[in-house]
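Heads up: the protein sequence lines correspond to chains A and B, in order.
For reference, each letter of the first sequence is one residue, going 1 to 112 in our numbering.
For reference, each letter of the second sequence is one residue, going 1 to 272 in our numbering.
Read the hints as simulated data drawn from the structure, not as lab findings.
The beta carbon of each residue, even a glycine, is placed where N, CA and C say it ideally should be.
Each hint should be verified, as a subset may be incorrect.
[Said to hold, decoys possible] In silico negatives: residues of chain B with every beta carbon more than 12 angstroms from chain A: (1) 53; (2) 57; (3) 163; (4) 170.
[Claimed, not checked] If you want the footprint, here are the derived chain B segments under chain A, 3+ residues with CB under 8 angstroms: (5) 131-139; (6) 203-212.
Below are the chains, spelled out letter by letter.
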Amino acid sequence: MVGYSRLFAVALAAGFLSIGGARAAEPEVLLVIKNHRFEPAEVKVPAGQRVKLIVHNQDSTPEEFESHSLNREKVVPGGAKATIYVGPLKAGRYEFFGEYNEATAKGAVVAE
Amino acid sequence: MFAAALIVFRESLEAALFVGIVAAATRQLAGRTRWLSAGVGIGVLGALLLALMAQHVSGWFDGLGQDVVNIAVLSVALTMLLWHCIWVAAHSKDMAMEARSLGTSVQQGQRKPWALLTAVALAVLREGAETVLFVGGALTGGTGTSTPEVVLSVAVGVGLGVGAGMIIYGGLSRIPTRHVFATTNVLIAILAGSIASQLVKSLIQAGFIERWSSPLWDTSASLAPDSALGTFLHALVGYDARPSAAQLASYVAVLALIYAGTRLLRRSSRAP
Numbered sequence: 001m002v003g004y005s006r007l008f009a010v011a012l013a014a015g016f017l018s019i020g021g022a023r024a025a026e027p028e029v030l031l032v033i034k035n036h037r038f039e040p041a042e043v044k045v046p047a048g049q050r051v052k053l054i055v056h057n058q059d060s061t062p063e064e065f066e067s068h069s070l071n072r073e074k075v076v077p078g079g080a081k082a083t084i085y086v087g088p089l090k091a092g093r094y095e096f097f098g099e100y101n102e103a104t105a106k107g108a109v110v111a112e
Numbered sequence: 001m002f003a004a005a006l007i008v009f010r011e012s013l014e015a016a017l018f019v020g021i022v023a024a025a026t027r028q029l030a031g032r033t034r035w036l037s038a039g040v041g042i043g044v045l046g047a048l049l050l051a052l053m054a055q056h057v058s059g060w061f062d063g064l065g066q067d068v069v070n071i072a073v074l075s076v077a078l079t080m081l082l083w084h085c086i087w088v089a090a091h092s093k094d095m096a097m098e099a100r101s102l103g104t105s106v107q108q109g110q111r112k113p114w115a116l117l118t119a120v121a122l123a124v125l126r127e128g129a130e131t132v133l134f135v136g137g138a139l140t141g142g143t144g145t146s147t148p149e150v151v152l153s154v155a156v157g158v159g160l161g162v163g164a165g166m167i168i169y170g171g172l173s174r175i176p177t178r179h180v181f182a183t184t185n186v187l188i189a190i191l192a193g194s195i196a197s198q199l200v201k202s203l204i205q206a207g208f209i210e211r212w213s214s215p216l217w218d219t220s221a222s223l224a225p226d227s228a229l230g231t232f233l234h235a236l237v238g239y240d241a242r243p244s245a246a247q248l249a250s251y252v253a254v255l256a257l258i259y260a261g262t263r264l265l266r267r268s269s270r271a272p
């Protein structure tokens, strides 16, 4: 009985580690929205791999992260952080913008 | 100001078209206006609530809260539309008979299309929450837009959206009664496919699906998704300029499921 439960615990731990490992292997990129602008306005990501984009809206107003070329759209409320998975992308430039402040909120993901 | 009205219009269009189609599909049901209004009302209340909680919700599940809520809403909406399509198929014979004979309103009144009511409420909730959030931001943001300007652009945007819904309702109402069910059923089936595609897109965006997530083709050069026609087709048939294989597969699968299910049920309901 003890042997089984120990084996189970080891298997469970291995399972968690492998999930954690898979998640940790994903490159993370942080984008900050401030004064209706993206900082940095251009981010480099590896091509051919899924990337975790974290958008932190430091303004008090909401913004919608939108990109036609990445086929993504997500509202980020004021002060909130949102996670968006993109890719795996072919090498190239993918523009995005903030739909609620399109005049200033512009940026691009560059996959290489 | 024009930009704000356009954003509100885009958000309200999909829900308005959906309500217009449902209104045409249920033209003969007694008390339709009452329950349709109830569906819209519940949706608006839900949208206000969701927008108020947005900042909180956004943080759930490591920044995936909004996607998870979207996924739940879309899943339930899809189930409701599938249920409705199958329900209609199973009852198509009685409905055709009732359509022919007048004075069966009592019997019809007993039929409450709960599935459609729920789907209407969810459509309004989903599109409405983003509108409320955007408008709230514009009102408090101090981006140089005055309150009357915001109010006016919201009125114009919602007005145009509702107008589009009324136009589609008006168009569908001109179809003879015999054919109206068939037409609205096809439209509702396509909407179900569109919702399935959006559901899969949300799942990919949230990182729950990785397989088949790359775009299959790109038609944005010939029909931009943010053009007037692109926006309209997105709302009506789920046009996506860069659909992934997973999105396309779900769209086709839902249409195939409805088609096969409808045929199967029609055949068995014809048998004594």
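Broken hints, by number = Violated hints (numbers, rising): 1, 2; every other hint is consistent with the structure.
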